[in-house]
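Chains as they are written, first to last, in my numbering: chain U, 21 to 199; chain A, 21 to 199.
Careful, some of the hints might be misleading.
Treat identical chains as interchangeable: a pair holds within one or across any two.
As the list claims (entries may be wrong) - Below are the PhoX-like pairs computed for lysine-lysine, each with C-alpha atoms no more than 25 Å apart in a straight line: (1) 99 x 186; (2) 176 x 132; (3) 60 x 71; (4) 176 x 106.
The set of hints was computed from the structure by calculation and includes no laboratory data.
2 protein chains.
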Amino acid sequence: MEGGVESEPTRIMVGVSQSTIKGYPHPSISSKGAFEWTLKKIIRSNTSGFKLLFLHVHVPDEDGFDDMDSIYASPEDFKRMKRMDKIRGLHLLEYFVNICHEIGVSCEAWIKVGDPKEEICHEVKRVQPDLLVVGSRGLGPFQKVFVGTVSEFCAKHAECPVVTIKRSIDEAPQDPVDD
Amino acid sequence: MEGGVESEPTRIMVGVSQSTIKGYPHPSISSKGAFEWTLKKIIRSNTSGFKLLFLHVHVPDEDGFDDMDSIYASPEDFKRMKRMDKIRGLHLLEYFVNICHEIGVSCEAWIKVGDPKEEICHEVKRVQPDLLVVGSRGLGPFQKVFVGTVSEFCAKHAECPVVTIKRSIDEAPQDPVDD
């Protein structure tokens with residue numbers, strides 16, 4: 021299938037999220053797991069054969085005010101918060117991009133704001149990766165009802181092959197909904 | 021993640037089935053698609069980094085008689101038919117194994133008899149591959165009700181990461197249930 025000349029690299033999109041416990045810029049356990057699985061099991065030593073596309077979807081707080089008292093927020097505050105979110109998201113992506121640079125895997129990274137499952141599927145449609153890798157907390161049916169699962173939605177709706185990497189049981193925090 | 025010494029190869033199980041139109045030993049369009057995707061997008065030129073595990077599950081006819089008139093079948097006929105099925109399944113596997121030998125990817129192949137979705141999940145549990153690749157006809161919800169989908173069951177129940185490769189639309193036969 022491959023001759024002496026290597027064809028275009030395989031483009032793998034990796035959906036990454038922040039830790040719900042530690043917040044930005046820390047990656048969630050399942051994001052890290054998905055990334056490390058991709059490096060170890062798919063890319064292996066063939067660093068020039070792949071390109072990683074990191075997508076982080078920032079979820080705005082419902083009230084748009086994060087931890088700040090909403091009453092005293094001015095339009096300027098809003099702008100600053102948006103900028104802060106962007107910076108925090110960039111720091112999250114930096115974690116993944118730095119490792120790629122170290123091991124010599126080419127990559128791109130970007131941030132979208134909105135509903136992760138919809139934004140990921142939208143970006144898959146736009147970017148057309150060869151594979152989408154998403155981490156999963158491996159929640160049971162009861163927990164899923166309340167928190168939903170991005171990975172299940174993507175596996176069903178993303179217009180490319182999808183692989184879901186479940187977080188290992190020994191890495192799960194006390195509350196399995198956390199990550 | 022990878023030093024100078026390459027670690028154990030990544031073990032990818034590929035579920036393969038016969039063509040419903042041409043029968044044994046012809047592979048189904050979706051099996052071929054899943055296999056070719058794995059070679060082109062994952063293994064690429066890194067042939068020593070992977071090992072493919074081909075599993076074919078032979079589905080016995082409900083009445084156990086295939087095209088033969090049941091009234092005249094003796095116990096000897098049964099034995100012969102079982103042997104025939106096995107030989108046909110082996111010829112199906114030969115298709116995949118031969119390509120692997122040609123390009124230098126190590127592989128194993130075996131046959132189980134039973135319900136494909138259950139046998140695949142059972143073998144995943146036993147063999148513990150790093151990834152399971154299954155083809156899919158990409159049926160709509162209406163068609164799924166009648167034919168079921170092995171890939172959806174495996175994606176949900178197999179105890180390893182699973183990637184489903186949908187058959188491309190231009191390869192689909194007139195009746196999308198065929199493959």
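Is the C-alpha distance from residue 60 to residue 71 at most 25 Å within one copy, between copies, in both cases, or in neither? Both: 14 Å inside a chain and 14 Å across chains, each within 25 Å.
Within, between, both or neither: residue 176, residue 132 at alpha-carbon 25 Å: Close inside one copy (21 Å), not across copies (28 Å); limit 25 Å.
Could you figure out if residue 176 and residue 106 sit no more than 25 Å apart (CA to CA) within one copy, between two copies, both or neither? Neither: 29 Å inside a chain and 35 Å across chains, both beyond 25 Å.
Evaluate residue 99 and residue 186 at a C-alpha cut-off of 25 Å and name the case that applies: within, between, both or neither. neither (36 Å within a copy, 44 Å between copies)
When held up to the earlier numbered hints, the structure conflicts with 1 and 4 and fits the remainder.
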